[in-house]
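Participant: Chain residues, written in single-letter form:
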Amino acid sequence: MELTGAEILTRCLEDENVEYVFGYPGGAVLEIYDAIFRQDKFRHVLVRHEQAAVHAADAYSRSSNKVGVALVTSGPGATNAVTGIATAYMDSIPMVVISGQVNRPAIGLDAFQEVDMVGITRPCVKHNFLVKDVSQLADTIKKAFYIASTGRPGPVVVDIPKDVTQQKFKYSYPTSVQMRAYTPVQKGHPGQIKKAAQLLLDAKRPLIYVGGGVVMGNASDEVRELARLLGVPVTNTLMGLGAHPGKDPQNLGMLGMHGTFEANMTMQNCDVLLAVGARFDDRVISVPQHFLSSPKKIIHVDIDPSSIAKRVKVDVPIVGHVKDVLADLLNVLKQSDHKQADITPWWKQIDAWRAPNSLYFENSDTIIKPQYVVQKLCEITGGNAFVTSDVGQHQMFAAQYYQFPEPKRWINSGGLGTMGFGLPAAMGVKLAHPDADVCCITGEASIQMNIQELSTCKQYHVPVKVINLNNRYLGMVRQWQEFFYGNRYSESYMDALPDFVKLAEAYGHVGMRIEKPSDVEGALREALAMKDRLVFMDFITDQSENVFPMIQNGKGLTQMDLPPHMRNLQVAPPTPVSERDYGNLC
Amino acid sequence: MRHILSILLENEAGALSRVAGLFSARNYNIESLTVAPTEDKTLSRMTIVTTGSDDVIEQITKQLNKLIDVVKVIDLNEADHIERELMLIKVRATGKDREEMKRMAEIFRGHIIDVTEKTYTIEMTGPGHKLDAFIKAVDEALILETVRTGASGIGRGERILKV
Ligand SMILES: Cc1cc2nc3c(=O)[nH]c(=O)nc-3n(C[C@H](O)[C@H](O)[C@H](O)COP(=O)(O)OP(=O)(O)OC[C@H]3O[C@@H](n4cnc5c(N)ncnc54)[C@H](O)[C@@H]3O)c2cc1C
Ligand SMILES: Cc1ncc(C[n+]2csc(CCOP(=O)(O)OP(=O)(O)O)c2C)c(N)n1
Ligand SMILES: [Mg+2]
Chain A
1 MELTGAEILT RCLEDENVEY VFGYPGGAVL EIYDAIFRQD KFRHVLVRHE
51 QAAVHAADAY SRSSNKVGVA LVTSGPGATN AVTGIATAYM DSIPMVVISG
101 QVNRPAIGLD AFQEVDMVGI TRPCVKHNFL VKDVSQLADT IKKAFYIAST
151 GRPGPVVVDI PKDVTQQKFK YSYPTSVQMR AYTPVQKGHP GQIKKAAQLL
201 LDAKRPLIYV GGGVVMGNAS DEVRELARLL GVPVTNTLMG LGAHPGKDPQ
251 NLGMLGMHGT FEANMTMQNC DVLLAVGARF DDRVISVPQH FLSSPKKIIH
301 VDIDPSSIAK RVKVDVPIVG HVKDVLADLL NVLKQSDHKQ ADITPWWKQI
351 DAWRAPNSLY FENSDTIIKP QYVVQKLCEI TGGNAFVTSD VGQHQMFAAQ
401 YYQFPEPKRW INSGGLGTMG FGLPAAMGVK LAHPDADVCC ITGEASIQMN
451 IQELSTCKQY HVPVKVINLN NRYLGMVRQW QEFFYGNRYS ESYMDALPDF
501 VKLAEAYGHV GMRIEKPSDV EGALREALAM KDRLVFMDFI TDQSENVFPM
551 IQNGKGLTQM DLPPHMRNLQ VAPPTPVSER DYGNLC
Chain B
1 MRHILSILLE NEAGALSRVA GLFSARNYNI ESLTVAPTED KTLSRMTIVT
51 TGSDDVIEQI TKQLNKLIDV VKVIDLNEAD HIERELMLIK VRATGKDREE
101 MKRMAEIFRG HIIDVTEKTY TIEMTGPGHK LDAFIKAVDE ALILETVRTG
151 ASGIGRGERI LKV
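Residue numbers (the numbering used here), protein chains in the order written: chain A, 1 to 586; chain B, 1 to 163.
Hints listed in this document are in silico derivations from the structure and should not be mistaken for laboratory results. We put the beta carbon where it would ideally sit given N, CA and C, even for glycine. A few of these clues could be false.
[To be verified] Derived pair list, reagent style EDC-like, types lysine to aspartate or glutamate, alpha-carbon separation capped at 20 Å: (1) A/K339 with A/D435; (2) A/K132 with B/E10; (3) A/K297 with B/D55; (4) A/K516 with A/E379; (5) B/K62 with A/E379.
[As the list claims (entries may be wrong)] Derived, one-sided and incomplete: chain B residues facing chain A with beta-carbon distance under 10 Å: (6) S6; (7) L9; (8) G14; (9) G21; (10) N29; (11) L33; (12) E58; (13) Q59; (14) Q63; (15) K66; (16) L67; (17) I68; (18) G95; (19) K96; (20) E99; (21) I160.
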């Protein structure tokens, strides 16, 4: 029997075991929406803006082992999706985005709602396709899922002209994919792995630096085993939070621009660095020359050769899947009769760096400190909630003060830093994990970038908890203006804020305003107890709070601005002149 | 340093723009780029001449390999290779210049492939520097038009780029 292109598409999605499609209809995808209406294998979630569909699909992927799917119409639907696609691309998140396109004969004629989606998204997708004939549709969808989820994951766009969705063809879903030009490596080179083992055993000041690749590559168990076996310290990037338990004594917390003092000092001063699924981002190592000015041997495990030696030269590159490489490395280490060097002096040093507690903050009983809210949330949920966030100070406070025991619980936009990510992301996560607590830590500015999704949450009954750390400022921008622009708060004050409580209620949810520190815990408990309601908690927080530690533009890893109680400790060797300014944008 | 990269890629619509887009998005130089299908109709062969430090060339190669449509990439500079470029150049050929042009074309082993009362069109192949030399050798005022293909490159002997 022959099916229409639209029916073939829905059948493909069924055969990929897709559970949810996040989307928004329009002319070019009406045929597809009709096929969706006539099937009952997957559910469609009608968002209120296409950007949110893509973030929801992305977060669905981030929190599970599945590939999220978004569906948008041509033209404005497609362009609205682009920010979401770029967000997923920067964080290497697998996702399939299906966009409608105008009829084939109309392509290139400036037809109504025509945009060159393949052209627009080319620089921010892992790959994209324009389906030129219905006979290629099933094959293309299969490839899209395969490419998105293998190798270094990433978003794949499939652009389907409307007349292709109306064409008929026999349906059969391919069982395998053959692509001569795309063959991701899995196993690391055994010789390199031996070298790495040797270096790690001989190291006097070792460190494991864990990134998002470990989270997405499901190699958290291997990292934990390795850390235990060698007794070495572990630090993680913003994207790696949870890959190694935040509360583990061997965990030094996040490193980088807003990382802990101990993590950055350890990173700078280690003699052997094992980097796994992390990409030496500019927010992590700052100025490469400064980072390399303390000599160290670097072992870099990454599935993408282009991540290796991109910003720093490494001594032992290992291309492969983190899970395989770490499993092999563990085997080599377990079989080795080579004695491990004594690292107790190293731990002594690290403990000394740890002692002043760079995340200490002066709590107040008159004004709510944002850090305190996150701390309490972590305590009350036992670290077991899924936490999504937006972008700004609240994101950093969430990363610093919520200690994730498990990977895939911390869902944020690190690479692109997309404000507006948090709420739609929470929606995607909650649908993937209906029984879990899902909290969106946000700011009054970020939340307004996709606040319309409160309506989607109502329609599909998605009872997430919104924790709005409301400082009436574009806080992160204000912080930079305070530090670098002489307190000239140009356009960073959010005037005329809505009454978030009434707004939440208008959308059919529960709203709470919390103004006193003594009410924080009770409010959180009360909200979390309302399992089947979306609760919007508007915490009125300290306007002048800053995120510490902080590494300023062009400064080295050890040249942190420290919190007030550590100011006397300021470590600031001179920065070597940088050859290239890697920028560091707010 | 100048490098010649040889690339085998799927002969698909859009493959060229993926490569060209990569170079502009990542701020890599392109001196020239040529592309055409090979004897296997499903594959195109591209030659890109680029400049950059060894680190940059390494990144370019890795980034190219990452493109789903790219089947293979080699840096021809890593071993012996041959490089050729085709130029068509139209020159003013009147009076005493007419004979002189013909002589110059012969010296450089060019062929005159179109003749009018006032012009010659000369076809010339060779490594880029030979074509440059020809352009330098003739009186600038007499050059009416030049069109160059950019370099094509191939490894010497048994060094073969194939799937
Ligand atoms: C306001 C703000 C402040 C920030 N401050 C900080 C900060 O202080 N500290 C910080 O760390 N970040 C910070 N970031 C985030 C930063 O911009 C980067 O997104 C982040 O550091 C990158 O994390 P990563 O190195 O783990 O790489 P990811 O982007 O997670 O990349 C993963 C790497 O792993 C590889 N990989 C993927 N899958 C596999 C696999 N299966 N096997 C092997 N390798 C794999 C990929 O090829 C890639 O190289 C901040 C962001 C914002 C918006
Ligand atoms: C879409 C987008 N626009 C602009 C920015 C730049 N930016 C980064 S943080 C920030 C302020 C965020 O304010 P808010 O959500 O209130 O969080 P806060 O920093 O106050 O906690 C801005 C404007 C961005 N990251 N994303
Ligand atoms: Mg704010």
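Participant: For each hint given before, does the structure comply? Return the numbers of the non-compliant ones in rising order.
Facilitator: Violated hints (numbers, rising): 1, 5, 6, 10, 11, 18, 19, 20 and 21; every other hint is consistent with the structure.
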